[in-house]
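Trainee: Construct the complete structure from the given sequences, taking the supplied hints into account.
Throughout the sequence shown, residue numbering follows mature numbering (1 follows the signal peptide of the UniProt record, and there is no 0), covering -31 to -1, 1 to 66 in sequence.
Hints are supplied without guarantee of correctness; some may be wrong.
DEER-style ranges, computed between Cβ atoms [unchecked claim]:
hint: 1; residue 1: 41; residue 2: 5; range: 16 to 26 Å
hint: 2; residue 1: 65; residue 2: 41; range: 13 to 23 Å
hint: 3; residue 1: 8; residue 2: 52; range: 14 to 24 Å
hint: 4; residue 1: 8; residue 2: 51; range: 16 to 26 Å
hint: 5; residue 1: 66; residue 2: 29; range: 14 to 24 Å
hint: 6; residue 1: 44; residue 2: 8; range: 13 to 23 Å
hint: 7; residue 1: 58; residue 2: 5; range: 12 to 22 Å
hint: 8; residue 1: 28; residue 2: 55; range: 17 to 27 Å
hint: 9; residue 1: 65; residue 2: 40; range: 26 to 36 Å
hint: 10; residue 1: 62; residue 2: 28; range: 28 to 38 Å
These are computed hints drawn from the structure, not numbers from a lab.
Heads up, the beta-carbon is just placed ideally off N, CA and C, and yes, glycines get one too.
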Amino acid sequence: MTSTSDIVRLVAAAAVLSGVAAIGAPTPAGAQPARGFSCEQLWRQRNAIYARAGHCFTTDRGRATFGEGCSPPYGRLSGAESREVQRIRRLERANGC
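Mentor: Have a look at this one:
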């Protein structure tokens, strides 16, 4: 029998994969992304990191893109993930997103 948490994890994983597929695999920490990423692509890339970490999205946009489920570690990022999020945020600011 499949538990509710298994279903939530499956839906969240599918949402993450669809978000990553739209922009390609996330860039490794310290790597420069391809030039010309749109604000939407940067937003998806940044939030895909949170989704993989089980973040509980509260905005309509976040839930529509990554699902309503959340799981441990509930959005807690590793050092490398946190640095990547900060790098993407800098790109978003530089692009006026």
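Trainee: A separate judgement is required for each hint: does it hold in the structure or not?
Mentor: Against the structure, the hints:
1. Distance hint check for residue 41 and residue 5: the Cβ-Cβ separation is about 36 Å, which falls outside the suggested range of 16 to 26 Å.
2. Between residue 65 and residue 41, the C-beta spacing of about 35 Å breaks the proposed range 13 to 23 Å.
3. Look at residue 8 against residue 52: about 21 Å separates their beta carbons, and that is inside 14 to 24 Å.
4. Evaluation of the 16 to 26 Å hint for residue 8 and residue 51 yields a pass: the beta carbon distance comes to about 21 Å.
5. For the hinted restraint 14 to 24 Å between residue 66 and residue 29, the CB-CB distance of approximately 18 Å keeps it satisfied.
6. Between residue 44 and residue 8, the C-beta spacing of about 22 Å keeps the proposed range 13 to 23 Å intact.
7. Between residue 58 and residue 5 the beta carbon distance is about 18 Å. The supplied range of 12 to 22 Å therefore holds.
8. A hinted range of 17 to 27 Å for the beta carbons of residue 28 and residue 55 is consistent with their spacing of about 20 Å.
9. Evaluation of the 26 to 36 Å hint for residue 65 and residue 40 yields a pass: the beta carbon distance comes to about 34 Å.
10. One distance hint, 28 to 38 Å for the beta-carbon pair residue 62 and residue 28, is violated here, with the actual separation near 19 Å.
Going down the numbered hints, you'll see the structure goes against 1, 2 and 10, while the others check out.
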